[in-house]
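Engineer: Residue numbers (my numbering), protein chains in the order written: chain A, -1 to 651; chain B, 2 to 322; chain C, 65 to 207; chain D, -7 to 309.
For the record, the hints were derived by calculation from the structure and aren't laboratory data. Since the model is a prediction, treat every value here as computed from it, not as a measurement. Do not take every clue at face value.
As the list claims (entries may be wrong) - Straight-line alpha carbon distances no greater than 25 Å define the calculated SDA-like cross-link-like pairs of lysine to any residue that follow:
1. Lys213(B) <-> Ala472(A)
2. Lys181(C) <-> Ser179(B)
3. Lys181(A) <-> Pro195(A)
4. Lys601(A) <-> Gln146(D)
5. Lys590(A) <-> Asp290(D)
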Amino acid sequence: MRVGVFICHCGSNIAGTIDVAKVAAETRKIPGVAFATNYMYTCSEPGQKEITDAIAREHLDRIVVAACSPRMHENTFRKTIEKAGLNRYFLEMANIREHISWIGLDKELNTNKAIEEVAMAVSKAMQDKPLFSSSFKVNKRVVVIGGGVAGMQAALDCADGGLEVVMVEKSPAIGGMMARLDKTFPTIDCSICILGPKMVDVAQHDKIKLYAYSEIEEIKGYVGNYQIKIRKKAAYVDWTKCTGCGLCMEKCPTKNAYDYFNFGAAPTRAINIPFPQAIPKKAKIDPKYCRQFTKGKCGVCAKVCPTGAINYEQQDEIVTEDVGAIVVATGYGLLDQERLPEYGGGRYPDAITGIQYERILNASGPTSGHIIRPSDHEEPKTVVFVSCAGSRDKSVGVPYCSNFCCMYIAKQAILTKDHIPDSQSYVFYMDIRAPGKGYDEFTRRAQEEYGAKYIRGRVSRIYPKGKKMIVQGADTLLGTTVEVEADLVVLATAAIAADGAPQMAEKLHISYDTFGFYVESHPKLRPVETNTSGVFLAGACQGLKDIPASVTQGSAAAAKVLSLFSKDMLESDPAIAQVNNNACVGCLKCVKTCPFGAIVEDKLRDGRTVAKVIETVCAGCGVCTSTCPCGAIQLQHFTDNQLLAEVSTICQM
Amino acid sequence: MAETKYAYFCGCSLEGTAKEYDDSMRVVMKALGAELVEPDDWSCCGSSPAHTVDYDLASALAARNLAIVEKMGLPTITTPCPSCLIGFKKANRAMANEVFKKGVNELIDEPYNCSVEAKSSLQVIYEDIGLEAIASRVTHILPDLKVAPYYGCILNRPPELAHFDDPENPIAMDRILSTLGVDVRDFVFKTECCGAAFGVPKRKMVNELTYKVLSMALDAGANCIVVACPLCQQNLDLRQGQVNSLMGSNFNIPVLYFTQVMGLAYGHSPKELGIDKIFVSADHLIGRVTKEEYEKQKAQEAAAKKAPKAKATEETKTEET
Amino acid sequence: MSDVAPKELRIVGFLCNWCSYGGADTAGVSRFRQPTDLRVIRVPCSGRVDPLFVVRALLTGADGVLVSGCHPRDCHYSDGNFYARRRLEMLKQLLPFVGIDERRFHYTWVSASEGQKWQQVVTNFTKQIHELGPLHEKKEKAV
Amino acid sequence: MSTEKLKETIQKVFPDVECVICWQEGFDKLHTTPLFITTPDQTEKVVWNPLCVQNLAAYLPSMKGKKVAVVVKGCDSRTIVQFMQEGLIDRNNVVVIGIPCRGVVSVKKVLAATGQQPIEDVKLSDGNIIVKTLKGEKTLAIADVSPGKCKTCQYPTPVIYDFLVGEPIESDKPAESVYDDVREFEKLSLAERKAYFEKEFGKCIRCYACRNACPMCVCQDSCIAETRDPHWITQKMTPEEKMMFHMIHSVHLAGRCVECGECERVCPMDIPVAKLKKKINSAMKELFDYVPGVNPEDKPPMYTFNVDEVKIKEHKL
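Working from the sequences, and respecting the hints, build out all of it.
Structural biologist: In structure tokens, the structure reads:
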């Protein structure tokens, strides 16, 4: 066996704290190593040529590249050696950058560690077996989870690209957060006016199948062939009959139901259609409030419904959709006011959240666009906006910036002046974060044209005094404490991960960070992919972002899906479990432990029972290999012998 | 509730200016079946000027007392004084660091092994004893009291040290008092600084701060303030005259300890509870009726309201028979 | 390597590709300084780690072994780390029985985003192993 | 004497089984060996007494597919239950003839007590065993020469059977004392434990008798102690490799060892082979409240999991 080793300087990233020449020299002493060199940028084109040339010149049959993380460049170099005629699985990488040069300063120790990591890689490489991927058919349908603006964009782009799209939306209507907004910054464009048409497109597109008021129950399968169980929640209204006339809503005697669409800015009816432009425009009953469910008698809506659509006995329904890819666009949630006791924790009716204010501003909102304070329905003259209500505050567990509050506060300040010319807005801020096209100018307009008074400092306490709300805070520019007597206080409550985000991630087998936002496969270069192939991210579920950014990501995700589906067949990863029939004793413990049910019992001609791996289903986790007592089932490329080789290399050195 | 035993550290204030807090605390704890054992030869808790000038000394002072309790074999030390409490908690936390611990232990005769937990007496009553037990002892109702519970600045803060109640909107006293049947007002200045700490150097500021707290209490519709801290009590009570003269107000609002109110509800005499020791008299507010009477009155009022309805139901009954 | 031998001890780490290996990468990208003793073996999933690898390492020269996977419920292969948790816990209890200090073996969960946590794990575990000292008397090795 | 009852039962199970596995007298009076009978008339050779130590259930997996009857003591019956849990036998093809047992005799202990002399005769009478050798007769209380497993036996009556020979009997040993020896051993210091096993396993000649006798060692010829692919262990006779072999054996039996004691019975070097497995079993009881070979419905703990493990707490550094 002739192993070739290529040690990368990565400029000074590696060479700065590792003596790469010494590593190469030491590596040459390892039995089996036929060639070892170090090169400035191994991933560069000349760097890769160096490898292909060496393979030909030195007749190398196994390659070790000591460079950055295999999570970064393994594929790059696999392609390289394949070009040179080697099996792509004859490559091993030693991660001497992320795991050595970047975390230690002691050059001597680093160099020594590098030498050993290379030796490990060599010992594993010598155990590498050629692997050949088989190809399988792709189901060219995509499911989009979440019907917000990001999800809709992804769905529309995929559908226009000719794909069948299944959209699953948790709430009764699509549109997400954007549908709730009155205007959008920095153009003061009417939000629903620009979103409405998109919503209609989604509803009417013959390639988009919409499941509203539905949730993901279970996800099975793998890229190209996912089976998705969808729970259609009972609306207690037969949507095939409901015309959305709204008569039931008018007549419903229960007027105190919580309005999820308006974030409780005002109560709604127990049976309701979330908003006038709702798509689908169908009524649903909230059994938490409906008298038919709480008291067991009422039935008004059933009486008045002209099409007899009401059905109190309706049950959840489970449907299954087969798709080849998944776009996750589950959006974000908002911090509960209760978490901000110093701001009243939701006890004071006149300290409301930004989104509630948005609904109040909105012509189709609970106050038909008239700004009035919830407590006494009077028009507020002094409105105080508190940015970072929870954001950038470790004590409430939100150390990060919520991204869009600075901008929508400026917008709301402007709108307030528009609605009530003789009003005065105050904005408490930490820093104004307006790094977008036309954004900073916008926040300036709020101050200069619309006279919003910006006070740099945090608010320490908000409390009612008579009819006023007293906002107590600091002005860090003047270095004094300030108190503002307000009629209405608007809190830019921190944006957080959508509730149930972790559970969704677990269904999808993608990772999420400590705050519940989904982790992309590379923060810079693979921002919409996840580490689970076939699952893509769009919008705020990956990290808080405003509308244009969400739309962009929606399209990006769609592009990824389209390119994935540009081939009819996908190549399977051959690094999967393989059974050695001679060694297998048929105890079938592997069948018990396989997380994917990828192993089945098989009878050989001689009547012996053995385990058999279903190649397309096996995901390559290796649980079976560590279950099998006799090592008969081996996860290819991570076989016992390969790992043992690494272990003994470390332990013997 | 089972008999429980606590090391009880009253601290210097409760031996002097806040004697009535100590008295009422002991009375109430006794009534609630909690045994308080005073450590022999206890000394300054360290929250005194010590903690502003010398961290090791402050911790040593606290540790000395904790060490005594440790030796007594009691797991918990309780103190009514939030200042002492923070002193102990700080010491415990700082001494988690072995190096620091060693340094401190060198300063005191008996080494301290950080096995004693410090709890405010309020926490003991609220959490260990619990509202149920608190309610069960009530014999009298105080119908005239409208209280604004004032927690002060350090009883629940900093949260990572205090580990008790909500740092911004604490409710322990609110719940206890309403359990006694007292009318508790929603008081937003519960934790607002009353300035006591600056009583000497910054009189003007203190007066403004105190003024705010007092007026906010009145705005809340309260006719008295209930506290759990000797310094708060002293400041809010004694300073009213001064505030009035400087701010042109005319406050005359009694400031009671929550234990005094509890004592009254448990039927103890104002004398035992040292009600006479506070400056702004509360005598006009502490009229009491026995629980039974009170319930009778309530029942009658209710009956008066229900009367006609009741008749109706009677009729239907007769029909049935 | 005799010149560094006294400074370093042998620590073997089994890291799952999707979470902990990524976490270690994140730590590297963020330049979180760590001791150099650890040698990393990349496995697809903590469920791939046969307890016997740990035993093998400890018997043949390792002074400490670290296994790290995705947080429970967040396994890339959905259940792998659930099996790992049981197997490794079993081993954790068995080792001291045969006279191997259980502190020489640690298993934990670090996600791809937890670079900081990874730094702490490596630093603290290395510290722990150094406190315990070498498990094997240094044999003469020809390099 | 229940031997007669046993014979009757065995005759009963014919003809619907192909074979009955039971005991017969061995090369001397002290030893018994397995007897496989295929017709009712062969029953006269059958014996049942405290010398019937061997766990006959161990033969079942190798006879999978055949309809067989097997005679088991309480301890042996756990093997059958474990086989069922792991799907290694087809219960419908096995007729279990259970025999309540008050404890058996450890041949090793008897030979030790009689100075390793050739056995001329053995008599068994009310709880005693009288052994005749050239050096004369010696009477030993069976309780004194019974193997360790009998001293804490919780299942004197088989946990599973189709026929029971004799009346069921209750265990008179306290359940909580089963793992006393484990706890006792754990009182030793790490160093002492290390030394102990270095000494004991140091004696190992890697004959694999313990493995071959173990009813749960399913791998048979594929045992990784002897394969190169995977190459877990070399053939070197070093302490490390010996230790490695016994760790492999124990880890592979984690949550599966039914404590039948065969491994120790057959060990030519008197190594306490079962000690590690017993430790793991105590851990399994502790962590998952699992006892191997008791309830056919149970799942072996290493082949299943709970999303929230109540007893497994995260380890801090």
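Engineer: Find the hints from earlier in the document that the structure breaks and name them by number, from lowest to highest.
Structural biologist: Numbers 2, 4 - these are the hints that the structure violates, sorted from lowest upward.
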